[in-house]
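*Asks:* Sequence:
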Amino acid sequence: MAGSLVFRVKRSQPELVAPAKDTPRELKLLSDIDDQDSLRFLIPVIQFYEYEPSMQGKDPAKVIKEALAKTLVFYYPFAGRLRELAGAGRKLAVDCTAEGVLFVEGDADVTLADFGT
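In this text, residue positions in the sequence shown follow the UniProt record's numbering: the first is 1, and each later residue adds one.
No lab work stands behind these hints: they were computed from the structure.
Some hints could be false.
[Said to hold, decoys possible] Here are the simulated lysine-lysine pairs, DSS-like style, with alpha carbons at most 25 Å apart: (1) 91 x 21; (2) 62 x 21; (3) 21 x 65; (4) 10 x 65; (5) 91 x 58; (6) 62 x 10; (7) 58 x 21; (8) 91 x 28; (9) 28 x 58; (10) 10 x 28.
[Claimed, not checked] Beta-carbon label-pair distances, calculated as ranges: (11) 50 x 103: 16 to 26 Å; (12) 50 x 13: 36 to 46 Å; (13) 53 x 27: 37 to 47 Å; (14) 32 x 53: 47 to 57 Å; (15) 99 x 3: 36 to 46 Å; (16) 45 x 73: 17 to 27 Å; (17) 73 x 3: 44 to 54 Å; (18) 4 x 99: 32 to 42 Å; (19) 65 x 109: 36 to 46 Å; (20) 74 x 39: 20 to 30 Å; (21) 27 x 110: 39 to 49 Å; (22) 88 x 111: 46 to 56 Å.
For every residue, glycine included, the Cβ atom is placed at its ideal position computed from N, Cα and C.
Build the full structure now, drawing on both the sequences and the hints.
*Replies:* Given below as structure tokens:
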């Protein structure tokens, strides 16, 4: 059995990253395949990025947020909200509101190498 690694993580306040430009305001119905009750669950995602020397002097979180905002222009439904339509038998739709996606910056006192990568 491997030893356990103890470390501290400081995280920022959660914030919403919205698309960098205006996007269409529309309602997109999910297909019957995507709308199954058995598929209604949330998958939280945590991404780790290794320090890159070429990023010297740049705030990595700011670079990622700006890139995410630009990407959401093209993938704007991800910046919307999932809604259950009233009177439609629990039919789901994406309300393309451009509200944004949740972003939380974390800073740990370990490196990826400490995890054995």
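*Asks:* For each hint, tell me whether it holds in the structure or not.
*Replies:* Verification of the hints:
For the hint linking residue 91 to residue 21, the alpha-carbon distance of about 29 Å lies beyond 25 Å, and the restraint is violated. A C-alpha spacing of about 17 Å is found between residue 62 and residue 21, which places the hinted pair at or below 25 Å, so the restraint holds. Among the hinted pairs, residue 21 with residue 65 is consistent with the structure: their alpha-carbon atoms are about 14 Å apart, no more than 25 Å. For a cut-off of 25 Å, the pair hint linking residue 10 to residue 65 stands: about 18 Å separates their Cα positions.
Between residue 91 and residue 58 the CA atoms are separated by roughly 44 Å; this puts the pair beyond 25 Å, and the hint is violated. Between the alpha carbons of residue 62 and residue 10 the distance comes to roughly 16 Å, so the proposed pair stays at or under 25 Å and holds. Pair hint residue 58 plus residue 21 holds up; C-alpha atoms about 23 Å apart against a cutoff of 25 Å. For the given pair, residue 91 sits about 11 Å from residue 28 by alpha-carbon distance, which is consistent with the 25 Å threshold.
Restraint check: the Cα-Cα separation between residue 28 and residue 58 comes to about 37 Å, which exceeds 25 Å; the hinted pair is violated. Under the criterion of a C-alpha separation no larger than 25 Å, the hint pairing residue 10 with residue 28 is inconsistent with the structure, at around 37 Å. The beta-carbon spacing between residue 50 and residue 103, approximately 19 Å, falls within the hinted interval of 16 to 26 Å. A hinted range of 36 to 46 Å is violated for the C-beta pair residue 50 and residue 13, which are about 24 Å apart.
Distance hint for residue 53 and residue 27: a CB-CB separation of about 46 Å, consistent with the stated range 37 to 47 Å. Range check, residue 32 to residue 53: Cβ separation about 50 Å, and the 47 to 57 Å hint holds. Taking the beta carbon of each, residue 99 and residue 3 are about 43 Å apart, inside 36 to 46 Å as hinted. Checked against the given bound of 17 to 27 Å, the beta carbons of residue 45 and residue 73, roughly 20 Å apart, stay inside it.
For the pair residue 73 and residue 3, the beta carbons lie near 45 Å from each other, so the given range of 44 to 54 Å is met. The supplied range of 32 to 42 Å is met by residue 4 and residue 99, whose beta-carbon atoms lie about 39 Å from each other. At roughly 23 Å, the beta-carbon separation of residue 65 and residue 109 lies outside the given 36 to 46 Å, and the hint is violated. The hinted range of 20 to 30 Å is satisfied by residue 74 and residue 39, whose Cβ atoms lie roughly 24 Å apart.
Between residue 27 and residue 110 the CB atoms are about 44 Å apart, so this pair conforms to the stated range of 39 to 49 Å. Between residue 88 and residue 111 the C-beta distance comes to about 50 Å, which sits within the given range of 46 to 56 Å.
Comparing the model with each earlier hint shows violations of hints 1, 5, 9, 10, 12 and 19; every other hint is respected.
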